[in-house]
Amino acid sequence: MFCEKAHVLIKELSRNRDALPPYNTDLLNEINTEVKQLITQNQEDAQISEDSRVMNHASYLPTVKIRHAAIKRNIRCILAYHYNRLKCLRNMRWQFGSILPPDVKSNLSQSEIEWFSKYSSNLVQYMRSIGDEGINLAVDLKPPKSLYIEVRCLTDYGQFELNDGSVLLLKENSRHYLPRSECEELIRQGVLEHVV
Amino acid sequence: MYVENLKLDFYEFLTGKRILLMVHYDIDSICACKILQNLLKYKEILYTLAVIRGVEDLKRSYRENSNDVKYFVLINCGGTVNLVDLFEPEEDAIFFIIDSHRPTHLDNIYSDGQVRLLWTSEEDLEVPDFHAVYRDDSDEESDEEPESGDEDEGRAAKKRRLNEEAILKRRERRLWEAKRFDIIAEYSQYTYYNKASAIAMFKLAWFLNKDDKDLLWLAIVALTEQYILGKIENSQYVLAVGELQSHSNRLRNRSNDTDGLTSLRITYENDLKLVLYRHWSVESSLKYSMFTACKLKLWSHRGSKKLYELLADMGLPLSQSQQAFESMDLQLRKEFHQSIEKLSEKYNLEDLVFTSFVLQYGYRNKYCASDIVYAMFAILESSPKETPEECFNSALDCLTRNKKDVVQKAIERAKIITKTIFKTVQAAIDMKQIITAGNFVYYIIQEGCLDWYMFSNQYILLLLAQFILRAYVSMSRNRKAPDLPLIISAPKNLDLGTCVILGIPPLRQNSPKNNLGRAFEEAAENINYEVLSDYFDTSYFEINIKDRTRFFDALTALFDK
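Chains as they are written, first to last, in the working numbering: chain A, 1088 to 1283; chain B, 3 to 563.
Just so you know, these hints were derived from the structure itself, not from any lab. There's no promise every hint is true.
[Stated by the list, open to error] In silico contact screen, one side only, chain B against chain A (beta carbon under 10 Å); selected entries:
| hint | residue |
| --- | --- |
| 1 | 23 |
| 2 | 42 |
| 3 | 51 |
| 4 | 367 |
| 5 | 392 |
| 6 | 398 |
| 7 | 404 |
| 8 | 406 |
| 9 | 410 |
Note that this is a predicted model, so its numbers are computed, not measured. Backbone N, C-alpha and C define an ideal beta-carbon position, used for all residues, glycine too.
Extracted from the complex, chain A is given alone in its bound form:
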């Protein structure tokens, strides 16, 4: 059947909505070969029908059209796969900052890594261009009401160093009162929880 593998690819995508599974190189290669095969078959059939028109034989045109639709569908699926992965990657840039966690990084393809670093540098460049000294758009998801907030630790994170050099121990279920700017990132990573 045509496009079966592409369908598998899309299913895999929809199974992992907010996560990045390993880049499926094997499957993509298979789809590529399928597309290439279809194209060569099409070319051959087109050649035959071109030749046979002279001899008034039946035309292969419907077959060619169906194959072409399959090719188009395959390409669309591949594009969707890549597009959704990039979207997820872009969210991660805002979530984790410019350095990706190693387990995410190992799931990316080479070109995705390239894209990510380019996106990062573009973003940084843009943030630097705002105002006199630049502004970090990744922090303060909601407008802050105070400089310090009370947070609750959700996991055993261990030692955490503040900007002023002091160290504190983040233990599960402990409560702390900290500068907002320092814990914003940890809140986004799910280590801390803002207590309202």
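Following the hints, position chain B against chain A.
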């Protein structure tokens, strides 16, 4: 060392420093901690919060944080133990203590600056004089240095004299030591409680002009907890209530928000000693509350008849009394207080009424201080699965106004606890499990017992103990019954095979001063038992279950003396 000026030497002193708040696991501490958190926010003081359940926790959390933090604030813990001995802290670590446990350890009172107590010396009763317990030994030794260059004869004489002197000195020293022992024994004889720490914290907020109604409510909850658990005397309670009432008037007049929807109102009202009756049905509340149950002996068949008689006298139809108080007829609801007060004499229910406060915000939310206290007991002590830190967090949530569902859930659980306590008492009486052993009464909760895990916690066990003692006194034909203290024991940790033992003073003593902790210590000493106890309140004690019988025998011997 006492801190004289809380504002300068505590609040301003901590500005810009990082501190560790060590908070004991009880309602008063949680309230005090919440007030303090509020105050710390104004100065942007960074803090870390640690929950302390016992001496072990205290040590552990000090160890974990001592490298990074130099300033420690201990709420309701640490006052009764020698902190310097316990932590062996570095020179520059400073401990601020606010503790309602008494007696305070003498080394903490006479510490020269490392341990600082946030209350006045008047709040510690009968503290022995400094020279009665400490003495400078250094000059003594220097006296004994032999002096050379004297004549032979003189030397011999001198030696004899020196010897005599030394003997005299030693004798004096022995006497002094014996006296010191007596003095300390007398000082530390009773365990009792001072006024709630939350009230002290509220006063600090008031001095700083940062008090508001929310903080006042916290102080009220803490005070009510002390009253419900019988930690303070009635007179102390009445005085403190009066004080808080004047604060509530002052704060009410200060705000100009009179809109019913948004404003927060704290009103001074009479409350009944009925558990959660506003959120329960009248019948259940009457039945399961300690006060009415003991007066009317509701665990018996005759008692329940009497209960119906009371309800009939009040003119409360059964169908009304069995449904939720909120859905009762308006007229009956309004008259409920009056009608029960009117009948209090006939049914021997004097003292049913006590003064308390009611918090109201919006149209629907109305809570008595005691409702919140019971709800918090339920949160802190009734779940076998959650860790203390999780419970602590939800208890903090329970005190914030926008978490109504937490309070509602907790109140439902509090009802179950109250029922369980009642049923345990009923079973204890029916099965005659409350045993008189000469000069004290004891009751042991067996492991297999329903919901035993609830009673392994401090405060629910205390509630049960009070209930049992009162029930026992009201049932007993023994004329000495009101003079007997009660000792209750419940399993604590099944894996380790330990159990907790709690002693409460006799009813007739009519004061919460408790000397059973001392008795436990002595009994343990007599049987050479190594103490595991981890509690700050010495009237709680922890031993291995297999040693319990031996321990009780030792106690019996001790009380017979």
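Hints versus structure:
1. 23: Hint holds; residue 23(B) Cβ to chain A Cβ min 8 Å, cut 10 Å.
2. 42: 7 Å, holds
3. 51: 4 Å, holds
4. 367: Check failed: Cβ of residue 367(B) comes no nearer than 18 Å to chain A, outside 10 Å.
5. 392: Where the cut-off is 10 Å and the nearest Cβ of chain A is about 6 Å from residue 392(B), the hint holds.
6. 398: 8 Å, holds
7. 404: This interface hint holds because 8 Å falls under the 10 Å limit.
8. 406: Where the cut-off is 10 Å and the nearest Cβ of chain A is about 14 Å from residue 406(B), the hint is violated.
9. 410: Nearest chain A Cβ about 19 Å off; hint violated.
Violated hints for the displayed structure, listed by number in ascending order: 4, 8, 9.
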